[in-house]
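Colleague: Those protein sequences? They're chains A and B, same order as listed.
Position in the first sequence counted from 1, then plus 3, gives you the working numbering.
Position in the second sequence counted from 1, then plus 19, gives you the working numbering.
Think of the hints as simulated: they come from the structure by calculation, not from any bench.
Just so you know, these numbers come straight off a predicted model, no measurement behind them.
Accuracy of the hints is not assured; some may be wrong.
What the hints assert, rightly or not - Facing chain B, according to a computed beta carbon distance under 10 Å, are these residues of chain A, among others:
hint : residue
1    : Asp17
2    : Gln18
3    : Met22
4    : Glu27
5    : Gly30
6    : Val37
7    : Thr40
8    : Leu43
9    : Asp44
10   : Pro112
11   : Asp114
12   : Lys119
13   : Pro120
14   : Val121
15   : Asp122
16   : Pro123
The C-beta atom is built at its ideal place from N, Cα and C for all residues, glycine as well.
One-letter residues, chain by chain:
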Amino acid sequence: MDPKKILLVDDDPDQRLTMRLPLEAAGYAVFEAVSLTEGLDKVKEVKPDLIILDVMMDTMTSGFQFALEVHSQNPNSEYRQFKDVPILMLTAIHSTTPLRFGADEDYLPVDEFLDKPVDPEVLLAKVRQRLG
Amino acid sequence: MSAVPRLSGNPAGGTHAPLPLPGSLVEAEVAESVGWLIRLRWFAGLGVLVITLAIPPIFAVRVSTAPLLAIGLGILTYNLVFFLLERRYKTAAAAQPAYLRLTLWQVTLDWLAMSLLIHYSGGIESPAIFFFLFHIVIASIFSPRRIAFAFTLLAVILLTSIALLEYAGWLPHEPVTGLLKEPLYTNPLYVAGWLLFFNSTALIVAYLATTISERLRRREEEVVRLTHDLQRASARLQALNDSARSISSTLDLSQVLNRLVKDTAEVMGVRACSIRLLDKSGKRLEPAATWGLSREYLEKGPIELESNPLAREVMAGKIVNVPDAKRSPLLQYPAWAEKEGIASMLSAPLVGKNCTLGILRAYSEERNHFTPDDENFLAAIAAQGSIAIENALAYQAMENLDATKSAFVRMVTHELRSPVSVTRSLLRTITAGYAGELTPQQRDILERAGRRIEVLQKLVDDLLDLAAGKVELSDTKAVEVIDLRQAVARVVNRYTVPAEEKSLTLELRDETQGAPLPVHATAEGLDRAFNNLVSNAVKYTPPGGQVTVTLRQEGGQAVCEVADTGIGIPEDALARLFEEFYRAPNARELEREGTGLGLTIVKDTITRFGGQVSVESELGKGSRFTVTLPLAGEGESASPLRAASASPLPGGEGD
């Protein structure tokens, strides 16, 4: 069976490295994108089984936009086949982004938050929980 | 000297704005005088009747009783009519002209009655003739000079006619028989002398009486005018006082300026008012607030000190009155003023502590509108306004500085946080073995580095929280109504796992019986505050202990208590607990790393939402932090920024 594919969307190469190493060690195929647009392209290209998304890339909300786009409930969305792909969102513990308190709100297009700094064990635990 | 009806135009005249005399005062006096005349006339009418009937038998004289009684009854009759009319006017609060007509009719009828009385009591031989003199006096008092003289002339003509007609025999003579031994009315010398002296007396009396009453009238008008001026001055002072209070009740610059222009225009009773402030270049005046001017006028062009002599003079500290805007060489844009309908303007400098801030200007649609009084008044307003403006400017500068500082701290910490966070992740990746095997020494060193980075991370996070709180402070829009129960529950949930790991009991006790606890706050702020309190409780409570978070409503307050069975806080540390960077010694012992910012953040945040934080603690037994926040919707006092006055509860951790 092919390894499960994980797409990392994060503009910080070091941050991507800290996630790539444990994920690859755990046997996942890891793909990377450094921006919102590249991320969206890669979604269609790679067809990931899970996406890990940095909440803040070029703008404060681009991570949020990305998630909205991919998880769009619109039946005509070009990403409709991905609307059930789980998204883990990286947030800083003390960040004051509007997403921070939304984890229990219905409309939020992400499945789980992941606090930065990322602990490799926590990361793997959360990914395994989603991908089995 | 009670009555001063004003029949003609304003005799004071002059350049002064027409003074609306307090109408009620004048009307009351006219009404009073009419009433007085009517009361006197009852006696006059009765007097005629009594004398006609009583004198002849007593003094053995004979008079034409029937006509005289008719005259007496006639007087009483028309007086009754006047009496009724006056009563009606009084209840209907009639205007001044109605009363004046009434007065003129009374005088006319009185004089006809008087002439008849004289005719029937002996013509120029009549002893009643001197009564005419007091009629002249009354007319002079109650009517303007011309009318008084007209009446006097009428009297002269009537009496002269009676005298001449009786002399010529064309009018029957009706003597008081038995009064005179020889008739005088046929004595040409007597008639001539009488005519000369009576008529000149009448005219002189009229002259004297009108002159005196006119003087009195003028004096009285002066009094009325002064009273009016005083009332106006008092109203102005009151308005100035009100305006000062209203202006200094806010520190918001635009509010201060807008209130100032509005109040000034209203208090001075002028069409418009404006404030222009000197811009940073110090060469140009920019419109800062206006009342009553059109947009076009405001945007007519910049006021450059260089090309505007008026502005230059005012900025030099002078109060400048432009009585005729059309013709003033001082104006930079006279055509605009004319188009706007402005005929005169008064400008006062807004003088600050170190420099002139700008110009306060009042505009009138009337030429020569502003008096020296107005100049002083505008100067007083400007002086008061300057203080308020300077305060607001200082406050604004302070706020800007604070915002800049906070933004800077936020930016810096943000920039710091990301590398610190990534470094930590990188180190963990290595220590977790994802980058190959490590020797024990390498692992030890990397773990040390990791711990140091962790401290750095915490410090950065706390600094960012503190800065975020300060930034939000200037942005009250972020405050909304939030259910405290939900915010607290979220935090408690977050610590369920860490508490379990430490074998602590973490309990959320909701004593609200399901009622929400709405408070004015931001979700971030509440989370930050309670996150700090709960994490402290978990951190400083040894395994096996208990952390209890209680929610309840108390009066108009939402109360949340975070109590633990932890190490407690030494008494001398309580006082400094909320200071920035302060950490209690026993806390430092237990956990070497810590920023000492957590409780500062709690207090900052809760105070900002109008609440209070207090702490009770016993060393070795535990601590209890109590947060009270005003319930939203419990009256308007629950303003979220009532912050400054919030003081700690007993528990006395000081400030």
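Colleague: Confirm or reject each hint.
Modeller: Structure-based check of each hint:
Nearest Cβ of chain B to the Cβ of Asp17/A: about 4 Å, under the 10 Å cut. The hint holds. Because the smallest distance between the Cβ of Gln18/A and any Cβ of chain B comes to about 5 Å, under 10 Å, the interface hint for this residue holds. For Met22/A, the interface hint holds, since its Cβ comes within 10 Å of a Cβ in chain B; the closest pair sits about 8 Å apart. Interface restraint check: Glu27/A against chain B, minimum CB-CB distance 8 Å, threshold 10 Å, status holds.
For Gly30/A, the interface hint is violated, the least distance from its beta-carbon to any beta-carbon of chain B being 13 Å, above 10 Å. At its closest, the beta carbon of Val37/A sits 14 Å from a beta carbon of chain B; the interface hint therefore is violated under the 10 Å criterion. The criterion of a C-beta within 10 Å of any C-beta in chain B is not met by Thr40/A, whose closest approach is roughly 21 Å, and the hint is violated. The interface hint given for Leu43/A is broken, as the beta carbon of that residue sits about 23 Å from the closest beta carbon of chain B, more than 10 Å.
For Asp44/A, the interface hint is violated, the least distance from its beta-carbon to any beta-carbon of chain B being 25 Å, above 10 Å. At a threshold of 10 Å, the smallest CB-CB gap from Pro112/A to chain B is about 19 Å, leaving the interface hint violated. Taken as an interface hint, Asp114/A does not check out: its beta carbon lies about 18 Å from the nearest beta carbon of chain B, beyond 10 Å. Interface hint status for Lys119/A: upheld, as the beta-carbon distance to the closest one in chain B is roughly 5 Å, under 10 Å.
Annotation: interface hint on Pro120/A holds; nearest CB of chain B at approximately 4 Å, less than 10 Å. Because the beta carbon of Val121/A sits about 5 Å from the nearest beta carbon in chain B, less than 10 Å, this interface hint is met. A distance limit of 10 Å between C-beta atoms decides the matter here; for Asp122/A the minimum to chain B is near 6 Å, and the interface restraint holds. About 5 Å separates the beta-carbon of Pro123/A from the nearest beta-carbon of chain B, less than 10 Å, and the hint is met.
Against the hints set out earlier in the document, violations occur for numbers 5, 6, 7, 8, 9, 10 and 11.
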